[in-house]
Every structure is written in structure tokens, then in C-alpha cells.
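Novice: Could you build the full structure based on these sequences and the hints that come with them?
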Amino acid sequence: MSNLFDRIWWSRLQAMTWKELLQLMRDPILLVFVLYAFSADIYNAASGVSFQLNNAALVLFDLDRSAASRELAGRFMPPEFRWAGAITHASQGQKMLDDGKAMAVLDIPPDFSERLARGDTASVQMQIDASNSVQGFLAAVDATQIVARYGLEQTAQRLGVGVGGAGGNLDAPLINNQTRVWFNPNQNDAWFMGISELLNVITLFSMLLPAAAMVREKERGTIEQLLVSPLSPWQIMIPKIVAMVAVILGGTALGLFGILVPVFAVPVAGSLLLFFVLTTLYVSTLAGIGILIATMTRNMAQAGMMVILIIAPMMFLSGAWTPPEAMPALMRLGMYVSPLYYYINASYGILMKGAGISVLWPMFAGIFLIGVLVSMTTIVRFKKQFA
Amino acid sequence: MNLRRISVVAYKEWREIVRDRLFFVLAFVVPSLLMLLFGYGLSLDVENIPLAIVDYDQSVSSRDYAHHFSDSRYFSFQGYAKREQDVEKLLIDNSLRAVIIIPPDFGARLKSGQATTVQTWIDGTFPFRALTAKGYVTAINAAMNLNNLSAHFSALTGIGQETLRNSMQSVKLETRYLYNQEVKSIWSIAPKLIMVILMLSPPFLTALGVVREKESGAIYNVYSSTLSRGEYLIGKLLPYVGISIVNACALTAFALLLFGAPFKGDPLFFLLSTILYVICTTGIGLLVSVMVNTQVAAMVGTAIVTVVPAVLYSGMIIPIPSLSAIASVIAHALPGMYYAEIAMGSFLKGVGIAALWQDLLILALYAIALFTAGFLGFSKRPRN
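Heads up: the protein sequence lines correspond to chains V and D, in order. No gaps in the numbering here: position 52 of the first sequence is 52 in our numbering, and each next residue is one more. Quick note: to get our numbering, add 387 to the position in the second sequence (first position is 1).
Note that these hints are calculated values from the structure, not bench results. Glycine is no exception: its CB is placed at the ideal position from the N, C-alpha and C atoms. Some clues are possibly wrong.
[Claimed, not checked] DSS-like, lysine-lysine: derived pairs with alpha carbons at most 25 Å apart:
hint	chain 1	residue 1	chain 2	residue 2
1	V	K218	D	K601
2	D	K601	V	K19
3	V	K95	D	K651
4	D	K559	D	K521
[As the list claims (entries may be wrong)] Listing some non-contacts, in silico: residues in chain V with all C-beta distances to chain D over 10 Å:
hint	residue
5	M77
6	W83
7	V261
8	L373
Specialist: Written as C-alpha cells, this is what we have:
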């Protein structure tokens, strides 16, 4: 008896899941968008963006016009800097900065080479467009290093002492600091940006597609048909979640094996199985939130705005752009209720750091807990609304 | 073009928006909330990097060296660890982003005038932060070296330490930050946030509003009416443009009053550009909604066209010249970049129409192009 009951339960689930998939497939434009998001969009984000200082336009304002000043200017080289020209008047530099044609002006005073030869401290000025504070800071750091290195070499030359490499052979109490960058030794932005974009796309679809599938039934009135059918609330909700999880897992595989691994050589340091288990858990939780939104709204326009209202803060505050420790304390509290926070931590952990379940179990537990809470609330609301 | 018909369509749309109370509220709440969240939450300053130190030496000089890092406001010191193996796990589960390892003979070598090597581990998951952290470590280390070396040579030669220190830095770089003297992130971000949020919210409102009629079938009323295509589209857009202009004013107020961004430019010019920009972004929503048939597709399509480009390719986080070729093409193809120039110019630089007329012209052309494309794509006699 219970066997028969089980079989009916499963066949209903199957039929409903197939119905959801069919509905999705009959919107070809939507399918194209989904494909685009999981392939070209990720490619663009990974290839298009670099946080490193790259090609910053520099303008030379050289009042000294000596061999020494030319030598110093020659030290500012690609890939960090490029020369956008020389000027003869201070106001020209200001104008180029105003127009955004230059990012910095290097200002070498008339007595530069003279002071250098005398052994006095010569100072060079750099005006930096800091309206983009990150780039402004990086430009300043790089320029300081270039100038300091140049100064040290000049001093050494004058005193007739050799400066070996990083000062290794100098017989002096020098501290060499060897830096080793873990997990991404070359600070390849494509890895970070690509994975981060994949996670964001997964997040968007996991919430939007189920919310849309549910609210559409309400908007068109087809929910009535489902309610008079012998389906329980769980049987109406679960197929929508299962169908969307299947589609999104397919998209994830496409993004990972079609773009990130072959094109950008993203290292998959940990277990792929673990990553897909994690993603299934995460997508189901978000699908639950999507359906919860659907129970709170009457039409797609409302549901769409609600999704943005929830998803945008989630993306910005969960560490997709900046790591958790950079958040103000108050925001960090909000972060802990966001499933994306746990998902991002665990995904970077698995894909880049090669972490296993023994390290990441708190992240899994976090997502699972939120998922259980969400589906409980959803089912209560659903029953209240329709039963 | 019949003005009365346009106003009737606009009025009908307006009533529909107002009667959907949740949608109406969200139309205003979403942009403001985004502004608050991003303004306070999106910090690009690299500070509070969680740091641990493994000190095998435990001498006076090693502790002194460690203090220079643990006292820095750029690092948030988490404690000393006994062995390297202990910190490896903490680096993997994100409790630490940087580790400094001081070798056992550190103090002894320095005392005897020999060079020594310290190791720094940095978590490279966030490449930009790793790069910046590396910069901090290099700078702190260099300052220490200058101290040690000048003291050492001063003891050897008898020349004063200050003199030696000066001669070791024969060239000094003085940096001056323009437009944003304190290099505070919030300043530089506030005007660009206006650009990003006006790129996100108006297209969604518009796309959902227009496709809604297609999906519910109400569009057949329009097909069978005497309304011309242009009248319908303009009337349809007007309420959304209106809502978005109100939102733009609210966002500007947030930027000025809450985030304390200065406004040095011409308010009238900025208002004019903002109106043009809002017409452009609602136009994007219109174009997407003309192409698709369901509201889900409209949402996803708008998200793809606006979210990623607005955040990544419009110069908010990364300046346009450091974008790759494809990304740069996308950046130039969207209105956000041009408006960002105008917003930055008006807020921080205090330049006006003389420097920015090109951007304004491009926005105007863009608005016309979008509307033309929407006009051509919208047919009163659809084939299916």
C-alpha cells in the first residue's frame, strides 16, 4: 500500500517537474539569456576587468631637461604606466587631469639634476587624479617605489657602493621581506572575477526563476488548477525547485568547464563533487526564498522589484566584491543571514584553496539552516494563502 | 503625434502604477535603499587585514619588528602563532589574510650586522587586496630598514643618523591627490553610485511595465486603438521617466547630505544631463521589453544588459583605460560611462558644459537612437 502511495507521489513529482522544464523551454529568448549569462557574461567579467594598475596615463612636466630627469622618467614603464605626452606649462597638466586625459602629472623641478649631483635631497612632485581612490593609491605606491629605487641607485653610484638586487649582498643589518602570495601567486584577476561572476549569475537565476514560475501561476490564475488537483503544497513547490536546480546546475557546469577552466585556467583545487553538492544546497535555499517572494507578491512586476531589493544587497555585502573583514561592523551582522556569504566562502575555499568538508562544514551548516527556515516559512505562508 | 493621446496613455500608466501599491512603494524604496547599502557597505579601502605573526626568534628586535605590523591600522592583529602549520588552516578558512614569519636567528643576525630574511604569506583570493597588502608590507619593511641602516652606519662612521638617513633618500616623491584629497572611498563613489543605481532601477521598472501588457494581453487594446506607435511608447515611458527623475533627486540629496560629497559644478547642467541619462536608461528597458514576450525574460535580459556593465564597465571600480578590448567596447556602447564623467565632473572637479559637452551630446544621441530602435522594433501587427 505504502509502496503504491510512494509511486504515485513520485510520478506526480515527475510530471510536475517536466511541466516546469517544458514551460522554461518554450521561452526561447529566456533560454538564450540564460546561456549568455553562464558563458559570455562570465567570459566578459573574467577577461574584461583588472583591479591592478594598468596603463595609467602619465604626463611629464620636466623643467630640468637633464639626463637625470630623463632617466627617472624612463623608469615609469608599462604595464603600470604609459606616457601620454609632455607639457611645458603647469596649467596644461591641470587641464589634462580635468578632462580625464591623464591620470597623473610628474613634475620635475629645474634644480633636480643639480641637487642630485651635490648630494642634496631632490624632490619630485606627482599630482594624481584620485577620484578613483583605489587606482590613485596604487599609482602613488608604485611611483614611490620607482623613485625610491632610483634615489638609492643614485646615492650608491655617487658613493661608489654597489647595490645588489634587493640589497642581499650588502654587509649590513638589512631585513629582506620575501612575500609569498598563496592560492593565486600571480594575482590573476581573471580567477577572482570569473568565479565571482559565476556565483553572482547562479544567485540571480536561483532566486528569479522560481519566483517567476510561481508568481506567474498566480498572475494567470493557473494556481487554481493546481490547488484543485490532488497535489499537496510541497508537491507544488518542490517540482519548481527541482526543475530550476537542474537548469542552474547545467549552467554552472557550462560556466565552469566551458569557460573558467579551459579559457582562464582557473585551478579547481578541491573536490568538484563537493562544489556541486554545495551548489545544489545553495540553489535550493535561494529557490525557497524566490517562492517565498512569490507568496508575498501578486504580480511579476512586484516580484521582480522584490528580487532586486533582496539580491543587490546580498551581492554587495556578502564578499563578492570586497571581503567580509572590509565591511563595517553593522553590515557584517547582515552578512551572516545572507546565504551568499557562506556560499562564496565555501566556493573560493573549494575551488581556489582546495579546502575540504572538515574546514568548510560551518558554511554548509549555515546555508542548510537558512534553507530550512526559509522553506518552513514558505510552506506556512503558502498554506495560509491558499488552503 | 497627438499630445492628448500621449497624455492619456501616460495617465493610464500612472494610475496603474499607483494602484499597484507595493510596486509603487518599491519603485522609490529600491533606489534609496541601494544607495544607503552601497554607500556604507561597499568599502574599497584596504584596512583591517587579519594578520598573525609566527615569531621563532622571541628576541627584543623581533618583537619590535612585529609591533610595526601589529600596530598598523592597515592590519588587524589576531595574535602570535607557535608554528607555521597552525596558521595554514586559518589561512584556508579565511580567519587570516596575512602571516609574517620571523626566523630564529633574526635578532642575532641584525645585531652582528648581517642581513636576514623574513617571510610574508598573503592570501591571494582577492588579488587587488593582496597587491595592496603587499604594498603595505613593503613600505613598513622599508621604513624599518632605513632606521636600522642609518643607525648602523652612523655607529660605524660617526656621522649623524639624520644626515645619513637623508642622503640615503636622495630623491623624494611628494604626491598630491587631486579632486579627492583625503582619498576617501565614499567621496569618489557617491557620484558614481548615482550613475549605477539609475542604470539599475529605471530599466527594470520600464521593462516590467511594458511587457506586463504583452503577457496579460492588454496590449491588444493598444493594437486595435488609433494610438500610433510613437504616441504609445512616449506615453508609456513618461511616468517611468518621472519616477526616475524624482529618484535621481533623492540620490543626489543622499550624496550631498549623507555622504558629504562636495558639489562644485553647475546644478542646472547636472540636472539636464541627469534627465537625459534617465531617458536613456528607461529607453534600455523599453528596448528589452519590445524584444521579449514574457516578464521573466524581460527581467533577466535587463539584468544582463545593465547590472554587470553598470558596476564593472562604467568606470566605477575600474577606470576605462584598464579595461580589456571587449569590455571597453561594451563600456563605450552604454550610457553609464558618459554620465559618470558628467557626475564626477560636476561633483568633484567643478567643470561644466565647456569640458563635458561631448558627453552630453552622446547621451542625447543615445536617447534618440534607443527610442528609434524601440519604435522600429515595436509593431502593432505582431506576426505571432
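Novice: Would you mind marking each hint as holding or not holding in the structure?
Specialist: Going through the hints against the structure:
1. V:K218 / D:K601: holds (17 Å)
2. D:K601 / V:K19: holds (23 Å)
3. V:K95 / D:K651: Within the cut-off at roughly 16 Å; holds.
4. D:K559 / D:K521: holds (21 Å)
5. M77: holds (16 Å)
6. W83: Fine: 13 Å to the nearest Cβ keeps V:W83 off the interface.
7. V261: The claim holds: V:V261 sits with its nearest Cβ about 17 Å from chain D, beyond 10 Å.
8. L373: Given a closest Cβ separation of 22 Å, the condition holds.
In summary, this structure violates none of the numbered hints.
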